[in-house]
Amino acid sequence: MPATSGARRSPADLTIMASRYNALKSDAAWQAIWDERGTFAARDDSGKPHAYVLEMFPYPSGKIHMGHVRNYTMGDVLARYRRMTGHEVLHPMGWDAFGMPAENAAMDKGVHPGTWTRANIATMKAQLKRLGFALDWSRELATCEPDYYGHEQALFLDLFAGGLVYRKESSVNWDPVDMTVLANEQVIDGKGWRSGATVEKRKLNQWFLKITDFADELLDGLGDLAHWPDKVKLMQENWIGRSRGLTFRFAPVVPLDQPIEVYSTRPDTIFGASFVAIAADHPVAQELASRDPDAAAFIERCKEGGTTAAELETQEKLGFDTGYAVQHPFDADWTLPVYIANFVLMDYGTGAVMGVPAHDQRDLDFARKYALDVTRVVAEGDTVDPVFAGDTAYTGPGRIVNSRFLDGLSVDEAKGQVIARAEAEGWGSGSTVYRLRDWGVSRQRYWGTPIPIIHCDACGAVPVPREQLPVVLPEDVSFDIPGNPLDRHPTWRHIPCPSCGGDAARETDTLDTFVDSSWYFIRFASQPDDKPFDRSVAEKWLPVGQYIGGVEHAILHLLYARFWTRALRHIGKLDMAEPFAGLFTQGMVTHATFRSDDGRWLNPDEVTDGKETATGLPVTIGRVEKMSKSKKNTVDPEPIVDQYGADAVRWFMLSDSPPERDLEWSENGIEGSWRFVQRLWRLFDGDAVGEAGSDVPLDRKLHQTIAGVGADIEALQFNKAVAKLYELVNAIERAQPSASRTAAIRAAMLLVAPMVPHLAEEAWAAIGREGLIADADWPTFDPALLVEDEVTIAIQVNGKLRDTLVLPKGQSKAEIEAAALASDKIVRLLDGQTPRKVIVVPDRLVNLVA
RNA sequence: GCGGGCGUGGCGGAAUCGGUAGACGCUGCCGACUUAAAAUCGGCUUCCGUAUGGAGUGCGGGUUCGAGUCCCGCCGUCCGCACCA
1 MPATSGARRS PADLTIMASR YNALKSDAAW QAIWDERGTF AARDDSGKPH
51 AYVLEMFPYP SGKIHMGHVR NYTMGDVLAR YRRMTGHEVL HPMGWDAFGM
101 PAENAAMDKG VHPGTWTRAN IATMKAQLKR LGFALDWSRE LATCEPDYYG
151 HEQALFLDLF AGGLVYRKES SVNWDPVDMT VLANEQVIDG KGWRSGATVE
201 KRKLNQWFLK ITDFADELLD GLGDLAHWPD KVKLMQENWI GRSRGLTFRF
251 APVVPLDQPI EVYSTRPDTI FGASFVAIAA DHPVAQELAS RDPDAAAFIE
301 RCKEGGTTAA ELETQEKLGF DTGYAVQHPF DADWTLPVYI ANFVLMDYGT
351 GAVMGVPAHD QRDLDFARKY ALDVTRVVAE GDTVDPVFAG DTAYTGPGRI
401 VNSRFLDGLS VDEAKGQVIA RAEAEGWGSG STVYRLRDWG VSRQRYWGTP
451 IPIIHCDACG AVPVPREQLP VVLPEDVSFD IPGNPLDRHP TWRHIPCPSC
501 GGDAARETDT LDTFVDSSWY FIRFASQPDD KPFDRSVAEK WLPVGQYIGG
551 VEHAILHLLY ARFWTRALRH IGKLDMAEPF AGLFTQGMVT HATFRSDDGR
601 WLNPDEVTDG KETATGLPVT IGRVEKMSKS KKNTVDPEPI VDQYGADAVR
651 WFMLSDSPPE RDLEWSENGI EGSWRFVQRL WRLFDGDAVG EAGSDVPLDR
701 KLHQTIAGVG ADIEALQFNK AVAKLYELVN AIERAQPSAS RTAAIRAAML
751 LVAPMVPHLA EEAWAAIGRE GLIADADWPT FDPALLVEDE VTIAIQVNGK
801 LRDTLVLPKG QSKAEIEAAA LASDKIVRLL DGQTPRKVIV VPDRLVNLVA
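Be aware that the first sequence starts at 1, since it is given in UniProt numbering, and climbs by one per residue.
Check before you lean on any hint, since a few could be wrong.
[Said to hold, decoys possible] Simulated restraints, written as ranges between beta carbons of each label pair:
(1) R20 <-> R734: 16 to 24 Å
(2) T265 <-> G223: 18 to 26 Å
(3) G396 <-> E552: 29 to 37 Å
(4) S243 <-> E200: 23 to 31 Å
FYI, nobody ran anything at the bench for these hints, they're computed from the structure. Glycine included, every Cβ here is placed at the ideal spot set by N, Cα and C.
Put together the whole structure using the sequences plus the hints.
Rendered as structure tokens:
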């Protein structure tokens, strides 16, 4: 029905003519069309500029949750926007499908991990499709399938051949509940990251990847990641933990029969040393313990101490005087006692330290307890007294004092001097020490990538020949006892040695699942059958332009993926240093928590009007927290999508909260989004007709919105883009019919298309446009229309706003000042006085200083 | 303890370079339409004050004609690391 030109349509007319938008019907219809046409399949050989948008792939735990919806909606908006701005977009999806929960399910429910995992994938894939994400499903992969992990085994062997894989017996973190080894990164406060069980130390033969070879690269490479959050870069920097100092030897004094090597970042304070401390598991301590029961008892006592944050905080510094002594490197007559101390760690540096109590807090605590000398060697302002008072070590800058040939130097100069002397005299050398350790990748689990190695008594560890890959997991396993079923399998592990043909056994450990996620983004870009990836194709897409995921992966996954990429470059497989050019870490989806009268957590749908629905008893409303099953404050996306449609859910995920912050789920919020979807539909459905006449203010608003929304999406500031779209829609609704208004409505369809794609397609089709809006071009803006021709000038007196004036843009300072002084309000306020000073900011404000 | 982020109405938040604080949304209130309700539409919604007006961006200082924004010192809160020599 054409509107009457010039007449404003009444709300009643709108209601009559606009049909209600049936989201469920449209969602299904357009999803089917996108599928049939392969709309979102990425073409490797496209002539368009390539864009790779990736969200962290999910673990198939059962069903998708709101966090997934938020994560994938953000990526989807960017992917769709990139398509509309002329890019060939790769936006794939897959499954991080190996891991412990599948084995737990196997143990709990007696279902095979593969069956459980694949069923979850099917469920979650259907749920993702239901949200209308612009994903290239033809590239879907699951890490638990041999056609993925077989290639991973090949890469593992490539790294093995390249010298980046080694095996060593090492003390490992053993999780007694999950019955597996954990990486240091997976031990949190002395407990397993997944089970929460207190971690024990065990000696096992483990496979390691030489990530420490890349420590410098990984650290320095952070500097090139301009589009990564500073927070994540800083976390990685701290994790790698590079420090520079001096590694040097203290010569032994009889009866000690070997030198003790220490590492120090403060060689400048060497004349302040008053003791040497070694770790409880230091070889010298162990040797002493074998002869001295007191030493052995002390070492046992050190191991009893907990490793949690709280325990460490309060733990007393304990020492055991070994009776040994060492010589000071600069004075053979100066001897220092050697202690075993509970605060020295064997696995950092050399496992031994020199104690300089005046300038290190731990050393000071220790020295005070055991009445050792505390000598100041760095001046604190004018204080140079060698006798150091108080219980707070001085760690600041200053001149070196009481230090013989170092006196008068700065801290840095003295460091250099001492290192130079040590190197010249041969008792030490400048060195770099990292907190980062090599990556232990062995897991004593079934549901993971089998490590493609065969152990032969004669030949040692032999790689599985390439033609025998993939080493496929046997299906016939049982989970009735904890531990690794591969160890118990009757036949799988028995195999002839590829080298000598004798009896040999397969490695039964599987790879850490972080290995699986260290290269999946490469496999998405290129997935030939006969090799992990085709280098030239992968390099067309990589690095990932924008990677989006949770900040919980700031260290582990992102560091491992960076390492893997560099390792592949090292062995000549891929010419790329960094896998993710842009990274964005989105906030969590949160919800209020509810507790019943008797303290049980309640699901939001068990609460009605502040009372428990079932009992009518009052409910305590707790704080807003991350949605979690344990607190029962989850909202299942599926029924929400069924009720409101995909677009309303997507719109809500983008609204209000900045994407890096938490988003609180609310019933009012989703209803508001649903209302807006309906409002958009009324706008699109009711006014796709030609009108005459122009409306310049509306044109301006439109062009400002086109420019602004595009910039906001590129900056991933979706909440701002949403606000601008609300403003545009408000303006269109208020405008009189005109050609400008019709043009604005049509442009608005394109502007909202990345966010509410189903509605946009429906509207596009309704006005008879050819093709899909998903394939349409993003509207362009006229820069001339971005600026207003009139500006509102603020008039301040002494910095306080007193009046505003609307003036043509671009007036001179004199004109603006004259206009300001002519204002009635200002004349009244000044009361005949002349301002002492007048500040005019053209097109902005006038400040009159009285 | 070390490192980092954040602090703006009833709520989520906006304010691009130091220049009109509170855009936009939610909630709430009033009104229109309706027999009624829902939906929709219009208006109001930082606080104090009937009002002219005053106060106001965690607190206290400072720089500036002008500070949410910059500087100094606190407080609160969240996150990461954690005896790293």
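Hints versus structure:
Under the hint 16 to 24 Å, the C-beta atoms of R20 and R734, about 23 Å apart, fit the expected range. The hinted range of 18 to 26 Å is satisfied by T265 and G223, whose Cβ atoms lie roughly 22 Å apart. A hinted range of 29 to 37 Å for the beta carbons of G396 and E552 is consistent with their spacing of about 36 Å. Checking the proposed 23 to 31 Å range against S243 and E200 shows it holds: the Cβ atoms sit about 29 Å from each other.
The structure shown violates none of the earlier numbered hints.
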